[in-house]
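Residue numbers (our numbering), protein chains in the order written: chain A, 1 to 342; chain B, 1 to 557.
None of these hints come from the bench; they were simulated from the model. Fair warning: this is a prediction, and the values are worked out from it, not measured in the lab. Keep in mind that the hints are not guaranteed to be accurate.
To be verified - Now the stretches of chain B that chain A is said to cover, found in silico as 3 or more residues with beta-carbon under 8 Å:
id : segment
1  : 59 to 68
2  : 92 to 101
3  : 157 to 167
4  : 279 to 291
5  : 428 to 438
Claimed, not checked - Straight-line alpha carbon distances no greater than 30 Å define the calculated DSBU-like cross-link-like pairs of lysine-lysine that follow:
id : chain 1 : residue 1 : chain 2 : residue 2
6  : B       : K488      : B       : K155
7  : A       : K85       : B       : K283
8  : B       : K508      : A       : K53
9  : B       : K557      : A       : K201
10 : A       : K201      : B       : K484
11 : B       : K484      : B       : K508
12 : A       : K123      : A       : K201
13 : A       : K239      : A       : K220
14 : A       : K201      : B       : K283
We put the beta carbon where it would ideally sit given N, CA and C, even for glycine.
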Amino acid sequence: MWGFLVRRLTTAFLVIVGVAVVVFFVIRVLPGDGAALRAGPYASAERVAQIRKDYGLDKSLFSQFCVYIKDLSHGRLGTSMRTGKNVTGELFERLPASLELAFYSVLLASIIGLPLGALAAIKRGKVADQMVRFFAVIGSSMALFWLGILLIYLFFYILGWSPGPVGRMSVGQTLPPSTTGFITIDALIHGQFAVLGEAIKYLALPVVTLSFVLSAPIIKITRIAVLNTLNMEHIRTAKSIGVSSIDLIWRDVFRNAAIPIVTTIGIVFGYMLGGNVIVEFLFAWPGVGRYAYTAIQNSDIDAIQGFVLLVGIIYVLMNVVIDFVYMFIDPRVRLGSDQDSK
Amino acid sequence: MSNKNLKIKQLVAVAILVIALGACSSSSPSSDSGATDTAVATADTTAGVASTELVVALSDTTNMIELHSFKSTAAYSITKSLYEPLLRQKFETRDDGLQVGTLEHEGAGAESYTVEVSPAGGFVATFKLRANAKFSDGSPVTAADYKYTFDRSIKGPGYIGLLLPFIGVDSVDQIKVVDDLTLEITTKVQSPLFERFMTFQVFGAINKKVAEANKTADDEWSFKYFETNAAGSGPYMIDTYDPENGIVLVPNPGYWDAANVKNTKVTVLAVPDASQRALLLQKGELDLADGLPPKMVTDLLADPNVKVYKSASSGVNYLAMNVGVKPFDNQAFRQAILYAVPYEGIISGVMYGFAAPANGVVSTSMETYDSAIGAGYKTDLEMAKKKLLESKVDVSKLTIPLAVRESRLDDQAAAVLIQDGLRAIGVNVEVQILPDGDFATKQNANELPLQIHDWSSWGEDPFYQMKFLTSCGSFVNYSRFCSKDYDKLIAEGIFSTDKAVRQAASSKAQQIFVDQAPWAPLWSADRTVVVKSCVTGVDRDYTLVAGFSKLNKENCK
Chain A
1 MWGFLVRRLT TAFLVIVGVA VVVFFVIRVL PGDGAALRAG PYASAERVAQ
51 IRKDYGLDKS LFSQFCVYIK DLSHGRLGTS MRTGKNVTGE LFERLPASLE
101 LAFYSVLLAS IIGLPLGALA AIKRGKVADQ MVRFFAVIGS SMALFWLGIL
151 LIYLFFYILG WSPGPVGRMS VGQTLPPSTT GFITIDALIH GQFAVLGEAI
201 KYLALPVVTL SFVLSAPIIK ITRIAVLNTL NMEHIRTAKS IGVSSIDLIW
251 RDVFRNAAIP IVTTIGIVFG YMLGGNVIVE FLFAWPGVGR YAYTAIQNSD
301 IDAIQGFVLL VGIIYVLMNV VIDFVYMFID PRVRLGSDQD SK
Chain B
1 MSNKNLKIKQ LVAVAILVIA LGACSSSSPS SDSGATDTAV ATADTTAGVA
51 STELVVALSD TTNMIELHSF KSTAAYSITK SLYEPLLRQK FETRDDGLQV
101 GTLEHEGAGA ESYTVEVSPA GGFVATFKLR ANAKFSDGSP VTAADYKYTF
151 DRSIKGPGYI GLLLPFIGVD SVDQIKVVDD LTLEITTKVQ SPLFERFMTF
201 QVFGAINKKV AEANKTADDE WSFKYFETNA AGSGPYMIDT YDPENGIVLV
251 PNPGYWDAAN VKNTKVTVLA VPDASQRALL LQKGELDLAD GLPPKMVTDL
301 LADPNVKVYK SASSGVNYLA MNVGVKPFDN QAFRQAILYA VPYEGIISGV
351 MYGFAAPANG VVSTSMETYD SAIGAGYKTD LEMAKKKLLE SKVDVSKLTI
401 PLAVRESRLD DQAAAVLIQD GLRAIGVNVE VQILPDGDFA TKQNANELPL
451 QIHDWSSWGE DPFYQMKFLT SCGSFVNYSR FCSKDYDKLI AEGIFSTDKA
501 VRQAASSKAQ QIFVDQAPWA PLWSADRTVV VKSCVTGVDR DYTLVAGFSK
551 LNKENCK
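Construct all of the structure, not just a fragment, from the sequences and the given hints.
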């Protein structure tokens, strides 16, 4: 197993290097750079040129690439032209906020999507199946921004059940000491249950917004995977010899259907990190999505580059995690890897 | 090892890997700033007792607080609160309670001052500083600190050095420390802008000792340090610097006018979506919301829980035609465009009445604005067609790109109306919405034949505005308009204190500008601020930047 992990991480590293190279060149195809914006409306041509020089944008592409690779090898992602701060620090300050939002959104989407997908498969062709599929269609066609605005208007403005869209925590609330960066988990670790409650309240609306949309693909893939598994001989045999439905579904059907479902959930999680921009913007969530949006608006090359690279790395690592989860779910994958390592 | 134990270990390993991704950082603010997640009291803690703590959300996010760098609008509100210039405007209170800055000034960082004509024909200004003024770290404010600020403006890498020649200062030798509490500034010209400039936050005292303690070999003026730190003597100091979550300002105990700071804390939240800012304000979770679009402000007028303050501004949004690019090198063609622009439609349909007609390069609220000339900007499709014929430009196969910035929704809406107006005379326009960075780069590279841009002159001086926006060779003259006669008139008026001379020069310049038509001036947006209805003390100064020190919640329960 450990051999498999090492091999996967090595492959992942090579993929990350490839992503880093591609990101560098793709970002430089984008029009404009932030020097003019950074210089401001009172700037002279000399001042703009000086800023470009300060940020290395006057060098040849090859020189810029060498500097980029050297900085990357030291974990540096450059300097934001908009804020003047180092991009690595800025991204890692914001990453926990995005990860926490993505994690709970995917979790809730899975809690909704898995049972509904299974129900739809089991009750195929019946009313329950049609209702679940209708729900999935609504979820996949729902505009995230519109849904978010609607939920804020209803639950915050009209009903007053939810706090306002001001980020992760109420104004003036002290955050728990940072251990994981997830406010909920950190509050739990440090026994700050009032803070945990507050964090959950602020997470609720953005998580519901995202999970409503995310549950759609999970429902669909679960339905298909469970349907395929239900049609397998060993399942039909188990049913015929009187194995209880709950045992059958949980122990046999889900185990066999899990691989495509886990893959979808992993892809959805990776997508969340890159695609959270709208929700982070709407809910004033201080995550990497909002950072990326501002960077793009300001043609902040290093910040855009850093964000794309970070998301790429997380995607690659997520795939490693998924492969690991496969081993846990499917013994054939584990045994295959053990044989390879002998 | 049993299968079950192996599975549990694998599950734990996966969980650790996932949590490790999130644990690779801290959620606390950057250590550069020295700011902490210190506990602060929540607002409105006791029922029936007015809170003195404010929660505000501005039009954008603070990107840095370096005083002499160009930065976001929110950042200017922060630095205004942190740094104290030598002078400030006197204010008058309107019937609705808005405090409007006048053209008269009084001492701020300076307890008293004199401005006299120097033998060389410029000014000699002597400022006596307040003995009781202190920086946020408790150290006294001295003339050396103000000298340091001016020297930094002139010699540092910021943009402020471009402004000082407007008051005839271009050398550090013109700023003299007479003694610890006396500063002398000599100017080469007698500029009517001199006192106004002395009210600008960018000339607020920076603590020289702190600055010099944080300089490096590459950064002589500590620009890097001040991007996330402050060392000012203004009404506030930073308690927490976390632009993404909330910047907390608390009163500077050493501020000379601390008794008149009407609140005990200001939390500046980053709420990027304007509609959410409006909702938060209506629900009472914000005390002030800035940067709300005109349509939203119109809707808020009917809400008794909020109050809208509006005042005229001298800012101008304009349609710039690049006279160096065909067909805009043709004067008659430009005049045709001028007559086809739907000015009134833009003010009512885009700005919902929260704007005045711009009517020229000199804004309608500025001194020397000539209304007889400004009336020349009007929609007249017949005249537009006549001018188009006169120009002999064949527009049948022409499509002109009109560039607007992605962040400016009002500009985009105006562009659509302009496109429609020009289509009515047979000119095809394609609206191009560009990311702000791309727009700025193309603008500087002279690649935009037609664009919508805006400008606001802090000093509200017509010649300052004309010089920057429309004089030959000016970097921000995006229409690339150049007229020697026009520049000569600017030179006549810019350093004159004679009102008649200034009026005459300005009127002639305005006439040339209308005739040559490099611009269609679209609107001068009103300065609007929306607050909770119980909040008082809203003010409006030269800079139109939101200030906090006068904001008062004593009527709020």
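Results of checking the hints against the structure:
1. Look at the segment 59 to 68 of chain B against chain A: 4 of its residues bring a Cβ nearer than 8 Å to a Cβ of that chain, three or more, so the hint holds.
2. Look at the segment 92 to 101 of chain B against chain A: 0 of its residues bring a Cβ nearer than 8 Å to a Cβ of that chain, fewer than three, so the hint is violated.
3. With 4 residues having a Cβ less than 8 Å from any Cβ of chain A, the segment 157 to 167 of chain B passes the three-residue criterion, so the hint holds.
4. Counting residues of the segment 279 to 291 of chain B whose C-beta lies closer than 8 Å to any C-beta of chain A gives 5; at least three are required, and the coverage claim holds.
5. For the segment 428 to 438 of chain B, the proposed coverage by chain A is satisfied: 5 residues have a C-beta within less than 8 Å of a C-beta in that chain, meeting the threshold of three.
6. Of the pairs offered as hints, the one joining K488 (chain B) and K155 (chain B) holds, with about 29 Å between alpha carbons and a cut-off of 30 Å not exceeded.
7. Our distance criterion of 30 Å between C-alpha atoms is broken by K85 (chain A) and K283 (chain B), whose separation comes to about 35 Å.
8. Distance restraint check for K508 (chain B) and K53 (chain A): the Cα-Cα separation of roughly 42 Å exceeds the 30 Å cut-off, and the hinted pair is therefore not satisfied.
9. Between the alpha carbons of K557 (chain B) and K201 (chain A) the distance comes to roughly 25 Å, so the proposed pair stays at or under 30 Å and holds.
10. Note on K201 (chain A) and K484 (chain B): the hinted pairing is violated, with a Cα-Cα distance of about 65 Å set against a maximum of 30 Å.
11. Distance check on the hinted pair: K484 (chain B) and K508 (chain B) sit about 13 Å apart at the alpha-carbon level, within 30 Å; holds.
12. Between K123 (chain A) and K201 (chain A) the alpha-carbon distance is near 35 Å, which puts this suggested pair outside the 30 Å criterion.
13. Among the hinted pairs, K239 (chain A) with K220 (chain A) is consistent with the structure: their alpha-carbon atoms are about 24 Å apart, no more than 30 Å.
14. Straight-line distance between C-alpha atoms of K201 (chain A) and K283 (chain B) comes to about 17 Å, which keeps the hinted pair within the 30 Å bound.
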